[in-house]
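Use the sequences and the hints to build the structure in full.
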Amino acid sequence: MSNYVLNAWYMAAWANEIPDDGILARTLLDRKWVLWRERDGRWAMIEDRCPHRFVPLSRGKFENGRIACGYHGLTFDGTGACVHNPFGGSLPPGAGVCSLPVVSAYGGLWFWPGDRAKADPAAIPDFAFIDASGPVERATYVMGVNYELIADNLLDLSHAEYLHVESFGTNGSLFSHGAQSVEQDQTGAIWNKWDMTGAPPPGWASPMMPEGSSVDQALHIRWHAPANLALFIEMRPSGKAAPLVPPMANPHILTPETTRSTHYFFTHAPGEEEAAQARRVFLEEDEPMVSAQAEAMGDADFWDLKPLILASDKAAILARRKIMQLKRAEGV
Amino acid sequence: MSNYVLNAWYMAAWANEIPDDGILARTLLDRKWVLWRERDGRWAMIEDRCPHRFVPLSRGKFENGRIACGYHGLTFDGTGACVHNPFGGSLPPGAGVCSLPVVSAYGGLWFWPGDRAKADPAAIPDFAFIDASGPVERATYVMGVNYELIADNLLDLSHAEYLHVESFGTNGSLFSHGAQSVEQDQTGAIWNKWDMTGAPPPGWASPMMPEGSSVDQALHIRWHAPANLALFIEMRPSGKAAPLVPPMANPHILTPETTRSTHYFFTHAPGEEEAAQARRVFLEEDEPMVSAQAEAMGDADFWDLKPLILASDKAAILARRKIMQLKRAEGV
Amino acid sequence: MSNYVLNAWYMAAWANEIPDDGILARTLLDRKWVLWRERDGRWAMIEDRCPHRFVPLSRGKFENGRIACGYHGLTFDGTGACVHNPFGGSLPPGAGVCSLPVVSAYGGLWFWPGDRAKADPAAIPDFAFIDASGPVERATYVMGVNYELIADNLLDLSHAEYLHVESFGTNGSLFSHGAQSVEQDQTGAIWNKWDMTGAPPPGWASPMMPEGSSVDQALHIRWHAPANLALFIEMRPSGKAAPLVPPMANPHILTPETTRSTHYFFTHAPGEEEAAQARRVFLEEDEPMVSAQAEAMGDADFWDLKPLILASDKAAILARRKIMQLKRAEGV
Chain C
1 MSNYVLNAWY
11 MAAWANEIPD
21 DGILARTLLD
31 RKWVLWRERD
41 GRWAMIEDRC
51 PHRFVPLSRG
61 KFENGRIACG
71 YHGLTFDGTG
81 ACVHNPFGGS
91 LPPGAGVCSL
101 PVVSAYGGLW
111 FWPGDRAKAD
121 PAAIPDFAFI
131 DASGPVERAT
141 YVMGVNYELI
151 ADNLLDLSHA
161 EYLHVESFGT
171 NGSLFSHGAQ
181 SVEQDQTGAI
191 WNKWDMTGAP
201 PPGWASPMMP
211 EGSSVDQALH
221 IRWHAPANLA
231 LFIEMRPSGK
241 AAPLVPPMAN
251 PHILTPETTR
261 STHYFFTHAP
271 GEEEAAQARR
281 VFLEEDEPMV
291 SAQAEAMGDA
301 DFWDLKPLIL
311 ASDKAAILAR
321 RKIMQLKRAE
331 GV
Chain Y
1 MSNYVLNAWY
11 MAAWANEIPD
21 DGILARTLLD
31 RKWVLWRERD
41 GRWAMIEDRC
51 PHRFVPLSRG
61 KFENGRIACG
71 YHGLTFDGTG
81 ACVHNPFGGS
91 LPPGAGVCSL
101 PVVSAYGGLW
111 FWPGDRAKAD
121 PAAIPDFAFI
131 DASGPVERAT
141 YVMGVNYELI
151 ADNLLDLSHA
161 EYLHVESFGT
171 NGSLFSHGAQ
181 SVEQDQTGAI
191 WNKWDMTGAP
201 PPGWASPMMP
211 EGSSVDQALH
221 IRWHAPANLA
231 LFIEMRPSGK
241 AAPLVPPMAN
251 PHILTPETTR
261 STHYFFTHAP
271 GEEEAAQARR
281 VFLEEDEPMV
291 SAQAEAMGDA
301 DFWDLKPLIL
311 ASDKAAILAR
321 RKIMQLKRAE
331 GV
Chain P
1 MSNYVLNAWY
11 MAAWANEIPD
21 DGILARTLLD
31 RKWVLWRERD
41 GRWAMIEDRC
51 PHRFVPLSRG
61 KFENGRIACG
71 YHGLTFDGTG
81 ACVHNPFGGS
91 LPPGAGVCSL
101 PVVSAYGGLW
111 FWPGDRAKAD
121 PAAIPDFAFI
131 DASGPVERAT
141 YVMGVNYELI
151 ADNLLDLSHA
161 EYLHVESFGT
171 NGSLFSHGAQ
181 SVEQDQTGAI
191 WNKWDMTGAP
201 PPGWASPMMP
211 EGSSVDQALH
221 IRWHAPANLA
231 LFIEMRPSGK
241 AAPLVPPMAN
251 PHILTPETTR
261 STHYFFTHAP
271 GEEEAAQARR
281 VFLEEDEPMV
291 SAQAEAMGDA
301 DFWDLKPLIL
311 ASDKAAILAR
321 RKIMQLKRAE
331 GV
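Chains as they are written, first to last, in my numbering: chain C, 1 to 332; chain Y, 1 to 332; chain P, 1 to 332.
FYI, nobody ran anything at the bench for these hints, they're computed from the structure. Hints are supplied without guarantee of correctness; some may be wrong.
Same chains, same names: a pair is fine if it fits in one copy or spans any two.
[Unchecked claim] In silico DMTMM-like links for lysine to aspartate or glutamate, alpha-carbon gap of 20 Å or less:
(1) 61 with 287
(2) 61 with 77
(3) 314 with 30
(4) 240 with 211
(5) 240 with 301
(6) 193 with 183
(7) 61 with 285
(8) 322 with 20
(9) 32 with 299
(10) 327 with 148
(11) 240 with 195
(12) 306 with 195
Predicted model, so just to flag it, every value in this text is computed and none were measured.
Below, the structure written as structure tokens:
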């Protein structure tokens with residue numbers, strides 16, 4: 001079985017990560033790639049590996065939508081075709097490198113590593129909310145664990161009561177006032193919904209409400225295969241329709257770099273403080289824990305380790321199953 | 001065959017390494033463990049790995065003899081039983097982690113990784129000498145090699161004439177005036193005894209003795225399986241019964257951390273200078289040499305490398321054979 | 001198949017790397033060796049691994065052409081024989097370590113790891129040019145890639161137009177005015193010759209020549225198995241016999257340290273600036289590129305990766321074939 005589902009949209013980068021008139025080199029799904037913007041506005045993504053001596057093309061020279069290998073000068077365009085051989089000899093037919101379809105959507109560049117004929121942009125999950133309620137900063141970093149461990153983390157938000165107790169825990173109301181429901185919608189998404197009803201308001205919200213009143217809170221997460229997630233948070237005074245504060249929605253888009261590392265694409269409100277808060281939650285709270293998990297698991301398969309299954313694991317397990325089904329369907 | 005003898009007492013830690021009201025997390029025999037002292041004075045040792053997502057429990061919160069996982073809150077007591085599930089659902093019968101019997105003796109905490117029914121504290125080797133002649137400081141560190149290489153080192157003290165020539169070599173008297181004998185005693189211990197008779201006194205001893213007189217010196221080491229060693233040193237004027245200086249006895253207790261690293265438990269006389277001297281001998285003399293040996297051996301089995309056997313190797317070889325016999329007897 | 005051709009001369013070191021009355025410890029062809037000069041002027045090369053406990057003998061004490069192990073004192077001479085056992089017992093017949101024939105030539109020490117009976121010094125490739133045109137400094141360093149990747153690099157000098165465009169590229173004249181020929185000579189050497197005819201002179205040469213005149217340039221490289229290379233560069237005004245500047249000849253002698261690292265022996269004109277220039281070309285231009293190649297290839301065999309073959313690769317491919325033939329002939 002392949003390490004990855006191939007007939008699926010993965011995000012390669014935020015579009016603003018690609019320099020004007022330049023390239024971005026990035027490892028995705030265990031292979032090296034180069035991305036750039038063509039003069040006509042379309043995007044190119046070709047394998048970052050010269051077929052002659054296998055060095056990364058990104059070590060070479062990029063000019064006018066062509067990249068010349070820095071070792072012996074073979075030159076490739078955005079389709080991956082070899083368009084120049086300095087020695088003048090004829091090249092074997094088909095000399096070139098792999099290229100992939102890339103589509104821009106929601107500020108991200110999405111690629112399809114599988115069968116090109118099946119690459120339908122309409123299947124890119126809906127992240128229109130990203131820009132819907134004002135400006136955000138798009139950010140990314142690499143987390144040193146397999147993407148499924150991060151998806152597990154996100155699909156069971158109850159961990160916030162332990163791991164994020166200082167940052168965005170809900171003071172235990174998830175356990176005392178929460179109900180969990182797991183759903184699949186018509187887009188194929190799996191949802192894990194925690195709804196806390198009639199809970200005491202968090203400290204910061206108390207001054208905004210009458211004494212003794214309570215809040216209803218929704219903590220919903222949406223997963224599209226392979227690992228494109230979105231988090232939706234709402235809080236309203238109990239029984240009211242209007243939210244207490246504007247609802248929040250955040251992308252948590254995961255793309256495997258390798259089987260042991262993941263590109264994590266997210267957004268945060270503009271500003272240094274918001275960036276630092278996001279880094280703190282991801283880098284100081286989540287990453288050390290999932291890294292410890294990855295280290296403990298070593299090379300073992302998740303199921304072979306016979307994990308103890310809790311009711312709260314339902315969504316994460318459905319997602320893992322879906323990944324397995326998709327891989328099996330691809331017969332790889 | 002298992003990497004380790006299992007039906008045996010190993011030392012996990014000096015008792016004073018465990019913080020009051022706290023835990024010690026330590027890798028022993030390739031697995032992670034947490035140790036703490038129960039309120040009734042007994043000791044607890046459970047596997048440091050949550051059965052839910054495999055993260056180390058030691059990353060969680062310890063309180064009142066219970067440890068709550070820092071990821072999703074499953075809570076375990078000193079028997080390894082899961083005593084709290086924040087989600088309230090019932091757990092599968094037997095949900096819990098492995099625990100091991102732990103006994104305190106001679107200031108150390110001894111654990112038995114094998115068949116619990118065979119764990120007889122009377123089989124812990126006698127280290128009563130540790131506190132017999134005044135206060136000592138208990139110390140430990142991790143040496144980056146397999147424990148059998150360190151036992152080999154200790155069981156052939158002739159290396160002192162080369163490796164420790166500056167620190168506690170005997171000026172060649174081991175070869176010029178020494179006789180070696182190897183014995184097994186009724187406790188199952190293997191002894192390697194070097195006795196130097198009528199040798200010139202070492203420089204520091206000369207002023208304490210009549211001109212031209214000589215000394216008899218004993219350099220005895222005792223090994224109990226798997227790798228609990230004790231070193232006994234005596235020096236007396238030749239032919240006299242009374243020692244020239246108080247005899248020395250030192251524990252050298254080795255517990256595998258992994259197949260490539262070892263917890264080394266030892267003692268030294270109190271004080272900074274004595275601690276530095278011990279560190280110098282271990283870290284600057286022994287460790288670089290046994291590390292170079294480990295690097296040279298790589299993944300090869302000791303016997304497959306066809307080592308040249310010298311008469312001085314007898315005790316080390318008996319000890320290696322005993323380990324093999326014990327493993328075979330365990331059928332693992 | 002062995003990792004290396006064994007019946008061949010490899011260079012172990014420049015003779016001036018061996019300290020007077022001292023030893024040089026070096027890993028060559030995956031094994032550790034010690035080299036020294038005997039009192040009679042001959043050279044000794046024995047395995048750097050005590051047969052007793054496998055530690056490097058080079059950690060011990062060298063004196064009067066004998067080296068005593070630093071662990072337990074077994075002592076070996078330059079033939080590899082064990083000539084002293086401090087315990088006095090008799091040693092098994094043949095106790096000792098491997099030794100290899102070493103011959104000094106052209107300032108280098110050459111060893112023959114294969115069948116000693118076949119070690120004919122006349123087969124050492126001719127590097128007499130090294131000292132022929134004045135003093136040079138002999139230098140060496142370790143490059144972290146397999147030696148065949150470096151030989152590939154040297155056997156296709158067209159890479160100079162890309163990788164060394166700033167240092168010793170020929171301004172594209174290799175492609176515009178060059179012709180390549182590949183030859184084998186009666187010594188078994190493979191030559192890759194680039195001859196540029198009627199090319200515009202490089203910037204530094206223009207002031208030395210009449211306006212509008214052109215130059216002929218030769219860029220010839222010679223390879224002897226396994227990887228002893230020599231580079232010859234000449235430039236003359238077109239049609240003239242006398243060179244414009246003194247011709248250059250440089251050794252590029254490669255000896256595997258391991259399958260992933262190589263001792264690179266070279267020379268440069270005396271002086272700090274020349275040393276810095278050599279380092280820049282090797283360390284800042286060649287090494288990052290071949291390291292990127294090695295990383296991209298991973299553990300895969302070169303041919304299994306189906307490299308695109310260009311006409312310019314002819315010499316490198318002949319050399320790779322020759323290595324394969326030699327290994328096959330050795331039946332290893």
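Do the hints match the structure? See the list:
1. 61 with 287: So residue 61 and residue 287 pass the 20 Å test across copies only (18 Å; inside, 36 Å).
2. 61 with 77: This pair counts as within: shortest intra-copy Cα distance 12 Å, inter-copy 56 Å.
3. 314 with 30: Intra 29 Å, inter 32 Å, cutoff 20 Å: neither.
4. 240 with 211: within (16 Å within a copy, 91 Å between copies)
5. 240 with 301: For residue 240 and residue 301, the Cα distance exceeds 20 Å both inside one copy (46 Å) and across copies (68 Å).
6. 193 with 183: Answer is within; shortest intra-copy Cα gap is 8 Å, inter-copy 70 Å.
7. 61 with 285: Only across copies: residue 61 and residue 285 sit 15 Å apart there, 40 Å inside one copy, limit 20 Å.
8. 322 with 20: The answer is neither: 38 Å in one copy and 47 Å across copies each exceed 20 Å.
9. 32 with 299: between (23 Å within a copy, 16 Å between copies)
10. 327 with 148: within (14 Å within a copy, 39 Å between copies)
11. 240 with 195: Within. Shortest intra-copy distance 14 Å satisfies the 20 Å Cα cut-off; inter-copy 86 Å does not.
12. 306 with 195: neither (29 Å within a copy, 56 Å between copies)
In the structure shown, a violation is registered for the earlier hints numbered 3, 5, 8, 12, in ascending order.
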